[in-house]
Amino acid sequence: MNRRLTTRFAGFSFVILALGSVVSMTWLSAQQPVLAADTTTDSSASRGDHRAAAKRRQREPLLPLYVSECGDCHVPYAPRFLPASSWQRLMTSLPEHFGSDASLSEPTLGELTAYLVSKARKPRAKDPDPAPLRITEMSWWRRQHDEISERRWNNPRIPSRAACDACHAKADEGRFGHGKIPRMPKP
Amino acid sequence: MRRLTVVALVLVLFARVGVAADAQSYMQAQVDEARAAQAGFNADPDRGARFFRTTQGEDWSCSSCHTEDPRQAGEHITTGKAIEALSPLSTPSRFTDVAKTDKWFRRNCGDVVGRECTAAEKADVIAFLLQPAR
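Protein chains in written order, with the numbering used here: chain A, 1 to 187; chain B, 1001 to 1134.
Any given hint could be a false lead.
[To be verified] Simulated restraints, written as ranges between beta carbons of each label pair: (1) A:Ile-181 <-> B:Ala-1037: 53 to 63 Å; (2) A:Phe-98 <-> B:Arg-1003: 56 to 66 Å; (3) B:Arg-1106 <-> A:Trp-141: 24 to 34 Å; (4) B:Arg-1003 <-> A:Arg-157: 49 to 59 Å; (5) B:Arg-1035 <-> A:Glu-60: 45 to 55 Å; (6) A:Asn-154 <-> B:Ala-1029: 45 to 55 Å; (7) A:Ala-169 <-> B:Trp-1060: 21 to 31 Å; (8) B:Gly-1057 <-> A:Ala-53: 47 to 57 Å; (9) B:Pro-1092 <-> A:His-50: 29 to 39 Å; (10) B:Ala-1021 <-> A:Arg-47: 34 to 44 Å.
[What the hints assert, rightly or not] From the structure, some residues in chain A lie toward chain B, with a derived Cβ separation under 7 Å: (11) Cys-73; (12) His-74; (13) Asp-101; (14) Ser-149; (15) Pro-159; (16) Ser-160; (17) Ala-162; (18) Ala-163.
[Claimed, not checked] The calculated lysine-lysine pairs, modelled on DSSO-like cross-linking and capped at a C-alpha distance of 30 Å, are: (19) A:Lys-170 <-> B:Lys-1100; (20) A:Lys-170 <-> B:Lys-1103; (21) A:Lys-180 <-> A:Lys-119.
Since the hints were derived computationally from the structure, they do not count as laboratory data. Bear in mind the structure is a predicted one, so any value in this text is a computation, not a measurement. Even glycine gets a Cβ: it sits at the ideal position worked out from N, Cα and C.
Isolated chain A, as found in the complex:
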C-alpha cells in the first residue's frame, strides 16, 4: 500500500517537472527575440534583428475589424506598407477614396486609424516625400516589382496593381512571400 503510493507520487512529480520544463522553455524562446531587439546596438546584429522584427510583423494577424471594414473592396493592405502620415491622409479622406465613397462610422474610423498608425512603416530617408496615398508609389514597392514586365501586368488574371492577391496567395492575411506570377492564358 505504502509502496504503491510512493510510486504514484514519483510518477506524478515527474509529470509536473516535465510540464514545467516545457512551459519554461517555451517562455524563454518567446522572450529571446524581444530581448535581443531591445538591447543591441551593434550594426550587424541590428540588421539581423531588423529581419527578425520584419518576420514577426509578417506573422502578426491583421485586426479583424480592419479586414471586415476595408477588405470587402480590396486586399486589406498590411499597415506596414505605408508610413503613418499616409494612413492619416487616407483615413481623413474616406468619403472620396480613389473615386469611391468608403466612409465609416465615427467609432470605427477612430479605431482603425489608431490601428493603422500604430502599425505603420517607420519613415525612412528614401521614402517619397510627401508620403503617397498609393502603395505602388512607395520606392520599396517599385524596387520589389521592377522585374515584372508591362506584358505581365496586362495579364487578365491581374485585375490591377491593387490586387496583390493575384500573385501573393496570402495577401489577405497580410503575409507576403515571393509571389507566383500567373501565366498568360493561351489565346
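Given the structure of chain A, go ahead and fit chain B onto it with the hints provided.
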C-alpha cells in the same frame, strides 16, 4: 403520400421565407418610411431592376460591380476584388446585419446616385433582389 407532399411543400415554403426574412423586414421598414411621404407606395421589383441596371447620374450603376443579375457573383470595378452575389436568395448572409446594410447603401448610393437613396429606391431594389429567377 399526398399528405407527405403537402408537408414537404409547406417546409420548402417556410425555408424560402426564412432565408430572406431579414431582407424582407428591411424592405418592409423602407416601404413604411416611403408611405409616410407617398401614400399607397408599394415596392416594385421592375422599377428596382431599372434603377439597379442603369446609371443614376454618376459613372457607375449598381450592376457595374454586382452585375446585371444580382444572383451572380460580382467583382469590384476598380480593384477586381470578388464580390459575393448580392441577392439573399444566393447569399443567405446578405441583409442580416442592419448596420452593414445601412453602411453599404450610404456608400454605394453616394457612388451611383451622388446622394443617399430614398426609402422608396431602397425598397424597390430589395424587391428586385428578392425576385426569384424568371
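(message) Could you work out which of the previously given hints the structure breaks and list their numbers from low to high?
(response) 9, 10 and 14
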